[in-house]
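With the hints as constraints, model all of the structure from the sequences given.
Protein chains: 2
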Amino acid sequence: MSELVGNVLVGQSGGPTSVINASVAGIVAEALNHECIEEIYGTLNGVLGILNEDLIDLASESQQQIRALKHTPGAALGTCRYKLKKQQDFERVLEVFKAHNIRYFFYIGGNDSQDTADKISKLAQEQGYELRVIGVPKTIDNDLPATDHCPGYGSVIKYLATTVREVACDSEAMGQGDLVSIIEVMGRSAGWIAAGAALAKRRDHPHDPPHLILLPEVSFNQEKIIEDIRRVLKREKFCSIVVAEGLVDADGNYVAANAQTDAFGHAQLGGAGDALAEIIEGSIPGVKVRVAKPGLMQRAAAHAGSKTDADEAYLAGQKAVEAAIAGQTDKMVTLIRGDDGNQYTCETGLAPLSEIANGVKKLPAEWVNEDGVSMNYQFVRYAQPLIQGETLVPHDNGLPVYARLDKVRVDKVLPGYETA
Amino acid sequence: MSELVGNVLVGQSGGPTSVINASVAGIVAEALNHECIEEIYGTLNGVLGILNEDLIDLASESQQQIRALKHTPGAALGTCRYKLKKQQDFERVLEVFKAHNIRYFFYIGGNDSQDTADKISKLAQEQGYELRVIGVPKTIDNDLPATDHCPGYGSVIKYLATTVREVACDSEAMGQGDLVSIIEVMGRSAGWIAAGAALAKRRDHPHDPPHLILLPEVSFNQEKIIEDIRRVLKREKFCSIVVAEGLVDADGNYVAANAQTDAFGHAQLGGAGDALAEIIEGSIPGVKVRVAKPGLMQRAAAHAGSKTDADEAYLAGQKAVEAAIAGQTDKMVTLIRGDDGNQYTCETGLAPLSEIANGVKKLPAEWVNEDGVSMNYQFVRYAQPLIQGETLVPHDNGLPVYARLDKVRVDKVLPGYETA
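Chains A and B are the protein sequences, given in the same order.
For the first sequence, the positions run 166 to 585 when the numbering used here is used.
For the second sequence, the positions run 166 to 585 when the numbering used here is used.
No lab work stands behind these hints, which were simulated from the structure alone.
Certain hints may be false.
Heads up, the list lumps identical chains together, so a pair's fine if it works in one copy or across two of them.
[Said to hold, decoys possible] With a straight-line cut-off of 25 Å between C-alpha atoms, the simulated DSS-like cross-links for lysine-lysine are:
#, residue 1, residue 2
1, Lys248, Lys577
2, Lys248, Lys526
3, Lys251, Lys263
4, Lys250, Lys577
5, Lys248, Lys572
6, Lys402, Lys248
7, Lys402, Lys577
8, Lys399, Lys577
9, Lys572, Lys402
10, Lys399, Lys248
11, Lys572, Lys263
Next comes the structure, spelled out in C-alpha cells:
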C-alpha cells in the first residue's frame, strides 16, 4: 500500500445525537498524528456542504473546542437529511473533492448516510480518483447492522432510564391507584430506545418502573394493555408506561394522531403517547393520565450522557482515520463486544459500507418477555454496559458549556451549484 | 416561652419537586438536635395520611436514606391534592394529633397546603391544644407571596435552561431556515418557569436561544408571533420557542387543545405546544415544527438539579424546626435575599400563614422586555443565583440512586375514618 497524501473531509449526517461530535473529535485528534494528512476540513451540513463547497478548516479550531466536542450534543458541523438523488449530485461531490484534494472522507451517520458514502466511494473508483471513504456509525436508533451497537444509543437510553426513575418517584408520591404516567420516546420502526428504559428497574425488582414498555414490534392490543394497566394500578397505585412513537396496532396502523413523511419517505410520528392517554382515559373511569414527550430532548441530553458511549464514539472516529491511513476504504467502523462474559470490553472492526447501507438490525424478539411489555435478562445484559459512566460536562454560571466552533471557511474555488 | 415536649409530624403536599425531600431531610436532622422532641413521624400522602392515621416513624430510617433525601425527587412521604373540606375533617386531624401527642406540625407545600396548615393551627388554638405549626415553602411555580423565591423553582429552571441549550445544539445543526422547535413547560397562570428558560442565553448574546418565550402574562397575538418566528428563522436558520402551558389569547382563552379541571378547580392544561405547532405549520409554508413536552420530567429532574436550591430547601426545613422550638407557630419559613448587590446570599424569615394562603406572587411585568417574548436583566439578576451549583447525585450501574424509605408504620390507636 502506497502512502496517500492529501486532505481529510469530515461530515455529519442525519439526526444529531449526544455523541456524534465526539466522533469528530476522535477523527481530528487522530488525523493530526499523520503527516500524510495535510488539511483537515469539515463540511457544513453534510453532503449539502459538499455540493455548496461550504467547507471549514477544522485544524484551525482551538484544542479546547475540539476537546469540548467530546461532550457537546447536536452536530457541530451541521447536518442534513438531504439525499443525493441524481448522478449530477455525485459528480459534483467528486468535483469538489478533487478541487480540494480530499483523499480521506469520513462520514458520520446512519443507514442512509452510509449508503451515500458508499455511492461516493464507488463513483471515485469508477473515475480512478484515489479516495478512501470510511463511515462512522451514529444513530440513537441502534439499528445499523454489522455493529454490536451504535454510538448515540447508550446515551439516549441512559437519559431515558434516568428520566423513568425520576418520574416514577414523582408518580409514586402522587398515585392513589389512579395515576398513569406515559413517556413517549423515539423509535419509528424499532423498539431499541423504548426497550432501554427497562434499565431503570433495579436488579431483581421486576415490579420497578417502567411497568409497561410498548414496542413497535409488539402489536398494540387495547384490551390486553388496559388489563395490564388495571393490574399495575392495583398493585403499585400508579402505572409507569414507556411507549415508542412507532407503536402499531394489529393491522399495522400507527396508534398516533397524525402521520407525515420526511424527505426519505419515513413516517414522521408523534402522538402515540397522547393517543394512548385518550384510550386509557376512555377505558378506566377516574384515571388520571400524564404524558411526557421528550422529543428532541432525548437525543441532545449530553448533560446526562454515557461516558462509555462518548468514549466509543471518539474511538470510532480515531479508528476510522487509522483504517483509512492503513489503506482501507468503503468500510464502516463497527463496534465489537469482547466475548469475556464477566467484563464488558469493546473493540472496533470494519464492515463493507454496502452491507450497512439501508440494512436494519432488529431488536431480537427473544429479548422481549412473554408478556410483551417488558425486557428479559438478555436485553439487560446487552444494554447495561452501554450506559456505564457519567459524561463530565463542565458548567459555567449553573449551566453546561458546549463547544462552539469558529468555522473558518475554506476558500471556494469552484462555480456555484444549484441543489434540488 | 415554656418548652413544649412532644412529637413532630412532617407532611408533604401538592405536586412534588426535585427538592421537597431535602426539606424533610432538614426537618429530621434538626429535630434530632432537640430533646423536647420525642418522636419524629411522617404522614403518608399529606393530610390524607393524617385522616387515615397512616403515620411512619422517620427517626427509625437509616441516616443514609435521610441524607439521600437531599437529592431525591418526588415526595418520599407521598403527597396528595386532597383538600380538607368539612369541619369534621379538621376535627379528625386534631384527634389524630392528640392521639399521637403531635405538638409540632411541619407542612411542606404551596398555597393550598399553607392554607390547610393555617386552618389546622387555628382549630388547635380554638380547642386550647398546644400545637406549633410551621409551613415550609415548596413549589416549582415560584408563586408564593412573602418569600423571595420558592424551593423547587431553581432546579426546574436549571433543568429547562440546560434542555433549551441542548435542544438548540440539535436544532441549530438541523436548521435550514425552516425548523421551529417548541418546548412546552409548566406554568398554569404564571410564566415564572417559562421565563427561567431565558437563563440559557449567554451574557451579551441576546440572539441565543430561546428566541421566543411565550408567557401566560402576555396574551398570544398570532400575527405578531408568526412575524417574530419568520424573522428568527431568517436570521438564525432555526427558531427555539419556550411556551408556558397556560398561554392565553386576547380573550383569555387557553391556546391549547383540551382543558380539564383538578380537585381545586384549577385548569389542567396540556397542548399549548401542539396547538402552537399547528398554528405555525398553517402559517409558514414548508416549516417543520418539533414539539417537546417534558411534563412531569421537569419537576423530577434531580439529576440536573440546582445545589443552591437543594441547600435552601434543606435550610428551610431546619429553620422551620428552630422556629417552632423557639415558640413560633402559624408561620411559613420564607427565603430572604441579602441586599449585597455583588454576592448572592440567602437567609430565612417567617411570615404568617394567613398571608401565604391562597396568595399569589406574580411575575413582575417590568421584567419582560417590550417585545413581549424575552426577559430583561432584572429577571436574569433575580433568577441566575438560584441555579448555581450542581446537585451531586450518586450513580450506581450507570443510573442515579434515590432514597427509599423503610416507612415503618406507627401503630394506629383510633378507629378508622371515612375520607370523602
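For each hint, the structure was consulted:
1. Lys248 <-> Lys577: within (23 Å within a copy, 69 Å between copies)
2. Lys248 <-> Lys526: Answer is within; shortest intra-copy Cα gap is 22 Å, inter-copy 52 Å.
3. Lys251 <-> Lys263: within (19 Å within a copy, 83 Å between copies)
4. Lys250 <-> Lys577: within (23 Å within a copy, 75 Å between copies)
5. Lys248 <-> Lys572: Intra 24 Å, inter 58 Å, cutoff 25 Å: intra-copy only.
6. Lys402 <-> Lys248: So Lys402 and Lys248 pass the 25 Å test across copies only (20 Å; inside, 49 Å).
7. Lys402 <-> Lys577: between (64 Å within a copy, 22 Å between copies)
8. Lys399 <-> Lys577: between (67 Å within a copy, 24 Å between copies)
9. Lys572 <-> Lys402: Classified as between; 16 Å across copies, 53 Å inside a copy.
10. Lys399 <-> Lys248: between (50 Å within a copy, 23 Å between copies)
11. Lys572 <-> Lys263: within (22 Å within a copy, 71 Å between copies)
The earlier numbered hints are all upheld by this structure, with none contradicted.
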